[in-house]
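> Line by line, the protein sequences are chains A and B.
Heads up, the first sequence stops at 48 in the working numbering, and the numbers go up one at a time, no gaps.
Heads up, the second sequence stops at 137 in the working numbering, and the numbers go up one at a time, no gaps.
Just so you know, these hints were derived from the structure itself, not from any lab.
Be aware that a few hints might be false.
[To be verified] Cβ-Cβ distance ranges computed for the label pairs, FRET-style:
1) D47/B / V9/A: 36 to 46 Å
2) Y17/A / D47/B: 28 to 38 Å
3) S66/B / T38/A: 16 to 26 Å
Built from N, CA and C at the ideal position, the CB exists for glycine as well.
Here is how the chains run, residue by residue.
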Amino acid sequence: MKVPIRRAVGMRFEVDYLRAFEADAFDAAHEIRFLMGTSFYLGGLAAR
Amino acid sequence: MRSRAILASCIPVLMLVATVETAGAQSPDVEMGIDAAVQISIPDDGDNTTTVDVPFGRFRFGNYVSDRTLVELGLGFSLINFSGATASAGSGEASVSYHFTGNASRARAFLIVGGGGASSMSTMTPSGEGSRLAGWG
């Protein structure tokens with residue numbers, strides 16, 4: 001018997017603060033990251 | 001202010017295919033995503049750096065362990081060209097997100113805590129470690 005997989009698509013916004021323990025030329029000591037992405041939901045969460 | 005562009009990612013695409021195939025066996029409760037990012041680096045003793053990820057810099061895969069708690073893994077790959085030098089770096093991170101509202105909400109605010117690491121392959125950047133302490137979205 002096949003179990004139906006529910007699907008949904010959403011947007012996600014995120015702001016991160018990152019702290020590097022070993023800083024060098026590229027790994028700065030403090031970083032702020034703004035993320036905007038697409039999320040794909042599978043399963044029970046998509047149906048709610 | 002310097003800038004560097006992150007171009008492509010191969011590992012996340014392979015992870016996406018593997019995840020979809022395993023999802024057919026049972027009804028999962030998962031979230032997958034790809035994110036574009038703008039990252040501002042503020043070193044203690046240098047110039048600020050702004051990084052723009054094109055088309056996306058991170059792939060993430062998460063599993064809801066409860067209605068409000070998401071355990072998530074993220075992978076990224078960067079190719080950086082700066083002042084004639086080229087460097088590549090892979091990164092991975094693990095995090096736990098707590099959502100303040102239930103699943104019925106259209107917009108769900110969450111607090112995320114996690115950590116991760118990055119490896120760079122260049123004479124300019126031998127290695128690096130990082131940790132994401134907290135985020136809000």
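> So the hint says 28 to 38 Å: do the beta-carbon atoms of Y17/A and D47/B match that?
violated, 20 Å
> Is 16 to 26 Å right for how far apart the beta carbons of S66/B and T38/A are?
Check passed, 24 Å falls within 16 to 26 Å.
> Could you check the hint for me, namely that D47/B and V9/A are 36 to 46 Å apart, CB to CB?
The hint (36 to 46 Å, Cβ to Cβ) holds, given that D47/B and V9/A are roughly 39 Å apart.
Of the numbered hints given earlier, the model fails hint 2 alone.
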